[in-house]
Amino acid sequence: MNTIRPYNNKERKYVLKRRISQYWTLKKWWHLLRESYPFQKHSFSLASGSILQILQFLIWISWKTSAVGVFREYQENDGEKHPVSFTLLGSEPPEYDEYSPVELLLQFDIDSILALPSSLTIAAQGMSINLHPSFIQNIRSDLHIKLPLPSLVSSTRSARICDIPHFQLGNLVGPLNIAIYIIFPGFYCDDRPTNFPTQDQLARFFDNLFLPALYDNASADYLQHLPVSYEDARLKSLASGAEKLSGFDSLQSNSRIQLLRYHLPNKLLHDLWESVLAKTHLPGNHNFKGIQIFLNAKNMKTETKHPTPQSCFTDFLTLWSQSCNGSYLHPRTTWIDYGKEIVYPVARMIRVDDGTDDVDHPHVHLWRKCCLKQLVENARKHAQVEEGFAVTYYHWAQTEEAASMTMVANKSNIFSIGGLAYSQYYMSTKEMFDAAKTYPFANRSLEALAVDPYLTKAIQATGGGRQIDLGKVQQGYLSSRDRTLTALRTNAGKSYGVREEHRVTLDLLQVIAKMLDSAAARAKAEETIHPGRSNPFFALRTTDVATFLEYNTLHYVVPFEMIVGSTDRNHVPWESTKMMVMLLRCLRSAVGSGLLQDQPEL
Amino acid sequence: MLPRRPLVLLQHAHMSEQFHQHISPAVDDIPRQRLRNLEDPIGLEQAEVRDAIKKTAEFLIKNMFAFQGCRSGEHYQAL
Chain A
9 MNTIRPYNNK ERKYVLKRRI SQYWTLKKWW HLLRESYPFQ KHSFSLASGS
59 ILQILQFLIW ISWKTSAVGV FREYQENDGE KHPVSFTLLG SEPPEYDEYS
109 PVELLLQFDI DSILALPSSL TIAAQGMSIN LHPSFIQNIR SDLHIKLPLP
159 SLVSSTRSAR ICDIPHFQLG NLVGPLNIAI YIIFPGFYCD DRPTNFPTQD
209 QLARFFDNLF LPALYDNASA DYLQHLPVSY EDARLKSLAS GAEKLSGFDS
259 LQSNSRIQLL RYHLPNKLLH DLWESVLAKT HLPGNHNFKG IQIFLNAKNM
309 KTETKHPTPQ SCFTDFLTLW SQSCNGSYLH PRTTWIDYGK EIVYPVARMI
359 RVDDGTDDVD HPHVHLWRKC CLKQLVENAR KHAQVEEGFA VTYYHWAQTE
409 EAASMTMVAN KSNIFSIGGL AYSQYYMSTK EMFDAAKTYP FANRSLEALA
459 VDPYLTKAIQ ATGGGRQIDL GKVQQGYLSS RDRTLTALRT NAGKSYGVRE
509 EHRVTLDLLQ VIAKMLDSAA ARAKAEETIH PGRSNPFFAL RTTDVATFLE
559 YNTLHYVVPF EMIVGSTDRN HVPWESTKMM VMLLRCLRSA VGSGLLQDQP
609 EL
Chain B
622 MLPRRPLVLL QHAHMSEQFH QHISPAVDDI PRQRLRNLED PIGLEQAEVR
672 DAIKKTAEFL IKNMFAFQGC RSGEHYQAL
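Protein chains in written order, with the numbering used here: chain A, 9 to 610; chain B, 622 to 700.
Treat the hints with caution; some may be incorrect.
What the hints assert, rightly or not - List of simulated lysine-lysine pairs, PhoX-like, C-alpha gap at most 20 Å:
| hint | chain 1 | residue 1 | chain 2 | residue 2 |
| --- | --- | --- | --- | --- |
| 1 | A | Lys445 | A | Lys309 |
| 2 | A | Lys313 | A | Lys465 |
| 3 | B | Lys683 | A | Lys389 |
| 4 | A | Lys445 | A | Lys306 |
| 5 | B | Lys676 | A | Lys313 |
| 6 | A | Lys419 | B | Lys676 |
| 7 | B | Lys683 | A | Lys381 |
| 8 | A | Lys522 | B | Lys675 |
| 9 | A | Lys438 | A | Lys309 |
| 10 | A | Lys438 | B | Lys683 |
| 11 | A | Lys438 | A | Lys389 |
| 12 | A | Lys306 | A | Lys465 |
| 13 | A | Lys480 | A | Lys154 |
| 14 | B | Lys675 | A | Lys419 |
| 15 | B | Lys676 | A | Lys275 |
| 16 | A | Lys287 | A | Lys465 |
| 17 | A | Lys275 | A | Lys154 |
| 18 | A | Lys389 | B | Lys676 |
| 19 | A | Lys465 | A | Lys480 |
FYI, nobody ran anything at the bench for these hints, they're computed from the structure. Here the structure is a predicted model, which means the values were calculated and not measured.
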């Protein structure tokens, strides 16, 4: 069975030489195609092309891929279907080879914090607020935390935080970027199209609760700087975009909404929040009852990274106490993402392909799926349950053996009661393509490029739906393609590690910290890890992985652009549509971890 | 003629008051009560919760610091 595995220097040189020569051949071919056909950066308008040329190309690329050792297989093992697998190596699997002893970087960090504080007074140094909140700041992903809802029928109704109407009120002042949200469980509705409150709900919150509470407690010298109503704040935030349209101010930023922030000092916050809660009991404000503050701090890994868990905790607590007053947090309703990563200790700004010693080359680590399966088994044994976990594997770049994993303990599971919301294991290679959660080729609207425009119009005329601007979709595709290839060509000098993150409650983290204080555990934590066969991850040269990923991307990009270019845009045949949709869906998981199970059509 | 917003607010206040007279107290109590239950899991003694926390912490420490994968060296056969 072909697979991804560590390989020795001799094999590496042979494979690399062969792969690079063939990669350049493919690249040359691709450039020839680009020169022959005008699917340049700004246009898709290929005027002509023949079926014969496409067939020739497909035969050629099939031959090339088999020669280079990139195999596509659909295996059935004991009746179980496996996804399409690729391999970086030739068909002959080499024997294992011990790596040179290199001390890997082992780092611990606190990546994010989520909490349901009991008062705004948690902001130890005050907070900055925005009285005209925007939808784009809302939480969109599942945080694996559910909140209770008011219900007339059942007392066990709850919903995910990302599904309950909320908005970002502002940020805590301090060294960490901590956002404060206001959640309205009383406005929850199953068929609500968005999690952002309506304009009327926001106006009622600010005009009936928040601003009256503020005006009750703040002095006149402070209040002179604040808007008097939601409408006042809204118009002020829109003023720059609406009024500075031309003339001398045209060089200034003309974004439609200006983020106007106001500072709330800590001394005001206690009385302010108590007053807001009291006002929810007044007539007209009853559906604000159950209003909840939610605190969310993300992407703190680079600020809290340390080689030992103890130093990580100490440093984090120092930063945390500068922003937050912990006495307003409950240890069971505060969740902390506690992370660990293992990285190869070499990173450069440029790619190196020469024959320098192996240990000097940057490496990529990839989780082995078989080891992650073993980890789930360990968890089941420890929890003494046969199932007890919802486990999802995300295959990396359409390979079978390298994968990311998310493990969520069921509600009755001892881990869930103990305070583990979920664990996830993933690769940092995603950093190459992640632009604040925007991943290349992830937009489903790209499939509009594959569909006959008359068919699209007919469907929209019959069933409604949003109009799609094909020009923008084309730009989106080209941006994804260019960004992916640029990232792969420019980041091949860096090492990318494997990460594991556990979302745990504060009391569980406190117990972990206490246990790690024992000398034996500390010694175990500080022991160095050497690359080798016993590690639960692959270690491959970054240049090899980048080449593989570029090849994998071109594998779908080239035929897609061939078909787009050779098709009359006014009459797209159904067979071409199917091919293009398939290629676009393959592209989504060509360089990152994807849920292939969600695409049975592939 | 009154502006639009006060009219809407007056109407809403009236409806909410009626709503409140009959059912609002019970509706109000449920989220707070259930939030307290989130803090202290329902139906479990403190000792059970402490035991669960300890077991979870043991598992996380063991697997964060000592997990070596399949350990057999024959990773692929485990698939």
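Consistency of the hints with the structure:
1. With a C-alpha separation of about 16 Å, the suggested pairing of Lys445 of chain A with Lys309 of chain A holds against the 20 Å cut-off.
2. With a C-alpha separation of about 52 Å, the suggested pair Lys313 of chain A and Lys465 of chain A falls outside the 20 Å cut-off, and the hint is violated.
3. Using a Cα cut-off of 20 Å, the hinted pair Lys683 of chain B and Lys389 of chain A holds, with the two alpha carbons roughly 13 Å apart.
4. Pair hint Lys445 of chain A plus Lys306 of chain A holds up; C-alpha atoms about 13 Å apart against a cutoff of 20 Å.
5. With a C-alpha separation of about 26 Å, the suggested pairing of Lys676 of chain B with Lys313 of chain A is violated against the 20 Å cut-off.
6. A distance of roughly 16 Å separates the Cα atoms of Lys419 of chain A and Lys676 of chain B; the hinted pair therefore holds under the 20 Å criterion.
7. Under the criterion of a C-alpha separation no larger than 20 Å, the hint pairing Lys683 of chain B with Lys381 of chain A is consistent with the structure, at around 16 Å.
8. Among the hinted pairs, Lys522 of chain A with Lys675 of chain B is consistent with the structure: their alpha-carbon atoms are about 11 Å apart, no more than 20 Å.
9. With a C-alpha separation of about 15 Å, the suggested pairing of Lys438 of chain A with Lys309 of chain A holds against the 20 Å cut-off.
10. For the hint linking Lys438 of chain A to Lys683 of chain B, the alpha-carbon distance of about 27 Å lies beyond 20 Å, and the restraint is violated.
11. For a cut-off of 20 Å, the pair hint linking Lys438 of chain A to Lys389 of chain A is broken: about 31 Å separates their Cα positions.
12. Restraint check for Lys306 of chain A and Lys465 of chain A: not satisfied, since their Cα atoms lie roughly 42 Å apart, outside the 20 Å limit.
13. With a C-alpha separation of about 37 Å, the suggested pairing of Lys480 of chain A with Lys154 of chain A is violated against the 20 Å cut-off.
14. Restraint check: the Cα-Cα separation between Lys675 of chain B and Lys419 of chain A comes to about 17 Å, which is no more than 20 Å; the hinted pair holds.
15. Proximity of Lys676 of chain B to Lys275 of chain A is assessed by CA-CA distance (about 42 Å); at most 20 Å being required, the pair is judged violated.
16. This hinted pair does not check out: Lys287 of chain A and Lys465 of chain A have alpha carbons roughly 51 Å apart, beyond 20 Å.
17. For the suggested pair Lys275 of chain A and Lys154 of chain A, the alpha carbons sit about 31 Å apart, so the restraint of at most 20 Å is broken.
18. Between the alpha carbons of Lys389 of chain A and Lys676 of chain B the distance comes to roughly 12 Å, so the proposed pair stays at or under 20 Å and holds.
19. Between Lys465 of chain A and Lys480 of chain A the CA atoms are separated by roughly 17 Å; this keeps the pair inside 20 Å, and the hint holds.
Violated hints, listed in ascending order, are 2, 5, 10, 11, 12, 13, 15, 16, 17; each of the other numbered hints is respected by the structure.
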